[in-house]
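All chains should be built: construct the whole structure from the sequences, respecting the hints.
Everything in the sequence shown is counted per this note's numbering, starting at 1 for the first residue and increasing by one.
Please keep in mind that the hints were generated in silico from the structure rather than gathered at the bench.
There could be a bad hint or two in this list.
What the hints assert, rightly or not - Calculated pairs, DSS-like style, for lysine-lysine (alpha carbon to alpha carbon, straight line, at most 30 Å):
1. Lys128 with Lys93
2. Lys128 with Lys81
3. Lys93 with Lys150
4. Lys128 with Lys96
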Amino acid sequence: MAVAEVIHLSADNIEILDLNGGEPIVDAGAPGEFDSLDVLDLASVVWQDQVFVYYSAVGDGPDSVGLAISSDGEHFTKYGKIMDGRAPEVIVKDGKIHMIYQMFSNEGYQLHLASSEDGIHFTPVSDKPIFQDRTGGWDSLSIVTARLMKDEDYYYMIYGASAYLADEPDFFGLARSRDLLQWESHPGNPIFGCGPKGSEDGGAIWFPAIVETEEHFVMIYEGSRGKYTWDLSSQICLSSIRKA
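This is how it looks when you write it as structure tokens:
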């Protein structure tokens, strides 16, 4: 995983500056470790004057969430595994770090919620998934890669979903909540979908993040030209909508 500074963002362009000399901030572990194969899907939060980065770890044992910590947001020290799960997203609420993460069940992924007072030891807030809308067909199998933002009294969650593949979402949906537990789905879901086949986001889309500019809402997300079976790729993609 690497870190970069966004130096320019518009409706149709993003410019970034690689930090840490362009070197990874967190690398895969040694053979036999919990993250020996892959480190990916990072989420970050400023906590107690440090930057905590949580990430999906794939290696020996079940998929898990790892943690790395930095005092400057550029140079990180790996803490280790903190819990089972993957694709974490974190936000501070009521003096605690709350994490939405996904767990595999019934051939697809479901979203769960845990909280922590120290950023290291997390306790599930509920023993059930927190979001299982799945009324429109497009999200009937798997809900993945949630991203959170807060506006006034509501927390907004943007997420990927699919009706037929566990981890290759073809649509994004939007929901809102006051407490991170009870969610109300947007009546216009899905709000975004994959591009035409063969385009940079024509196969699957993950991790939508919304940034507000003066004239637009800009969405930055990961896209793949194809599916795992025929042309998996990974690139930063951009979409926007002009403010009313």
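Hints that the structure is at odds with (numbers, increasing): When the structure is compared with the hints, none of them turns out to be violated.
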